[in-house]
Amino acid sequence: MHIPDGFLDAKTAAVAAVFSAAGLSGALYQLRRELPPRRVPLLGLGAAFVFAAQMVNFPVAGGTSGHLVGGALIAALLGTPAAVVVVSTVLIAQCFLFADGGVTALGANVFNMAIVAPVVGMAVYRVVQRLIPGLRGQVAALAFAGWCSAVAAAIVCAGQLAWSGTVAWSVAFPAMAGIHMLIGLGEGAISALVFYAVARTRPDIVASRPAGSLRGFLGYGLLATLGVALFAAPFACPWPDGLDAVAAKLGFARRAAESNWAWMAGYRLPGLGSGGAATALAGAIGALVAFGLAVLLSRLLVRTPAEAAKPAVDR
Amino acid sequence: MKDAPVFDQPPNRGVRPLIHRAPAGLKLGVALALAAGTAVVPVTWLWWHAAVAALLLTIVFMAKIRWRPLGARLLWFSPFVAGAALASALQGPAGPGWRAVALRGSLCLLTMLLLGATTSFSALLVVLHRIRVPALLVTTLALMYRYLHLLSDEAQRMNRARACRTFTPSRRRTWLISGEVIGRLFVRASERAERIYLAMAARGWS
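Note that the protein sequences, when read in sequence, are chains A and B.
Numbering-wise, the first sequence is residues 1 to 315 according to our numbering.
Numbering-wise, the second sequence is residues 1 to 206 according to our numbering.
The shape of chain A in the complex, shown without the other chains (with noise of 0.2 Å):
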């Protein structure tokens, strides 16, 4: 999922530059008063983690292979702030290491991969958790959480690319969102495995995730919201006289209308009408089948009873 150079406008770079700044600005902001120093150490080599589970492979079928992405997992260990910095640190490191995602890319590859993954994880994590007991509720929550991020995550940056004019939206979103469906698969399975080895060896650690203040949570997770009503809303949603509006009072309606948004009339409607209903259901469809698959990963990793009923946090 990482946007290489040239995929993205100047001012959708911009934006997304802006958003994940304040996101991780704020993450930084709320560790350095909350985070013992103790821990400090912790999110450097939780970095370092991530970069090494990347290259243990996970067979799938015909000879392909997927590896972890990391955003809901590290949250549900490290707790939501620390997810964003480590995930943006991973981020950083293989923009400039490897030059792998771009570097005017680097604001939308960090909001995307560190700022709505793991806050869309964590929020759905949460709720799930609280609905079934118990370390099989964790585990099903993560697995349901890995899916729900990587599938966000994805149509954000199909919602990039088609602000920024380089793909069309309806093109973009059903490649992003129908192949990342697939992935989060992959992703809610491992991260699940992952917690679930981590919550039976060592309890201690996932019950040291710090408990997070909600407000900054609920700060995180209106920017989010934010960054997903400006990138991906106005084309999911009938109110594009809105965007519009803003448009023209920043400015670049003039410009965009030449240029970006020219193509767009023709493609207006057949995401709302009729396409609006049948994306709704297939999603709702999705959706649906990822939360059983996570609720039965958990029923087949989670075997035991007593196991199944004492969770590996209190909390």
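Hints listed in this document are in silico derivations from the structure and should not be mistaken for laboratory results.
None of these values were measured; they are calculated from a predicted model.
Heads up, a few of these hints could be off.
[Stated by the list, open to error] Beta-carbon label-pair distances, calculated as ranges:
no., chain 1, residue 1, chain 2, residue 2, range
1, B, A50, A, T201, 54 to 60 Å
2, A, P36, B, T58, 48 to 54 Å
3, A, N57, B, L55, 46 to 52 Å
4, B, G29, A, S65, 44 to 50 Å
5, B, S78, A, L288, 34 to 40 Å
6, B, P23, A, P36, 34 to 40 Å
7, B, R146, A, L182, 33 to 39 Å
8, A, L300, B, V133, 55 to 61 Å
9, B, K64, A, A233, 21 to 27 Å
10, A, P210, B, L18, 25 to 31 Å
11, B, P42, A, P36, 48 to 54 Å
12, A, T225, B, L198, 39 to 45 Å
[To be verified] Short, incomplete list of chain B residues facing chain A, as computed with Cβ under 7 Å:
no., residue
13, W76
14, V101
15, G116
16, M144
17, L148
18, A189
[Said to hold, decoys possible] Take a look, some chain B residues computed to stay more than 12 Å from chain A by CB distance:
no., residue
19, W48
20, R73
21, C164
Using N, Cα and C, we set each Cβ at its ideal position, and we do this for glycine too.
Given the coordinates of chain A, assemble chain B onto it according to the supplied hints.
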């Protein structure tokens, strides 16, 4: 870990070429300016792209960068270009087109590859520290870079041990065991982090 070592080291360990010795801050600034400029400038300004390409090729010659790994890494970009071409074929001649994507993308990619090849990551970290990037982020980046190869080696060792012990594993077993391996890796990383904290505290870190 891709081909980091190829780009991490100058080809000639004796006298380092001029570009390698230039201040890291300058190289970072120039690279960011070139990348941002290439992304902003209209594609029709061919003179800009020609100038950037000429500058980058001069640097490749001056810094004596090996062509083969550089070309191989640039080729990785082609699937993305193919994707953009496919998308523009599907949506008609509307967006910037795949040629623009290919031109901008490969110039920026070459810029970042050259920055990585001629500048050590620790020198970049010093620059980040000097321009007041939050200390927590710089510390995290530095620790990550320090333990990156160590943990990767550990992951490879654990994976090799796993491969030695499982003859013809089923896909399901491989997933289960690999999950176990990564979980173990996380436990080791966090135990190492505690030892690192004690060592840092003993040396007066605060």
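Outcome of the hint check:
no., hint, result
1, B:A50 x A:T201: 54 to 60 Å, "holds, 58 Å"
2, A:P36 x B:T58: 48 to 54 Å, "holds, 50 Å"
3, A:N57 x B:L55: 46 to 52 Å, "violated, 38 Å"
4, B:G29 x A:S65: 44 to 50 Å, "violated, 39 Å"
5, B:S78 x A:L288: 34 to 40 Å, "holds, 38 Å"
6, B:P23 x A:P36: 34 to 40 Å, "holds, 37 Å"
7, B:R146 x A:L182: 33 to 39 Å, "holds, 36 Å"
8, A:L300 x B:V133: 55 to 61 Å, "violated, 45 Å"
9, B:K64 x A:A233: 21 to 27 Å, "violated, 50 Å"
10, A:P210 x B:L18: 25 to 31 Å, "violated, 48 Å"
11, B:P42 x A:P36: 48 to 54 Å, "holds, 51 Å"
12, A:T225 x B:L198: 39 to 45 Å, "holds, 41 Å"
13, W76, "violated, 9 Å"
14, V101, "holds, 5 Å"
15, G116, "holds, 6 Å"
16, M144, "holds, 4 Å"
17, L148, "holds, 5 Å"
18, A189, "holds, 4 Å"
19, W48, "holds, 14 Å"
20, R73, "violated, 7 Å"
21, C164, "holds, 15 Å"
Hints 3, 4, 8, 9, 10, 13 and 20, counting from the list given before, are not met by this structure.
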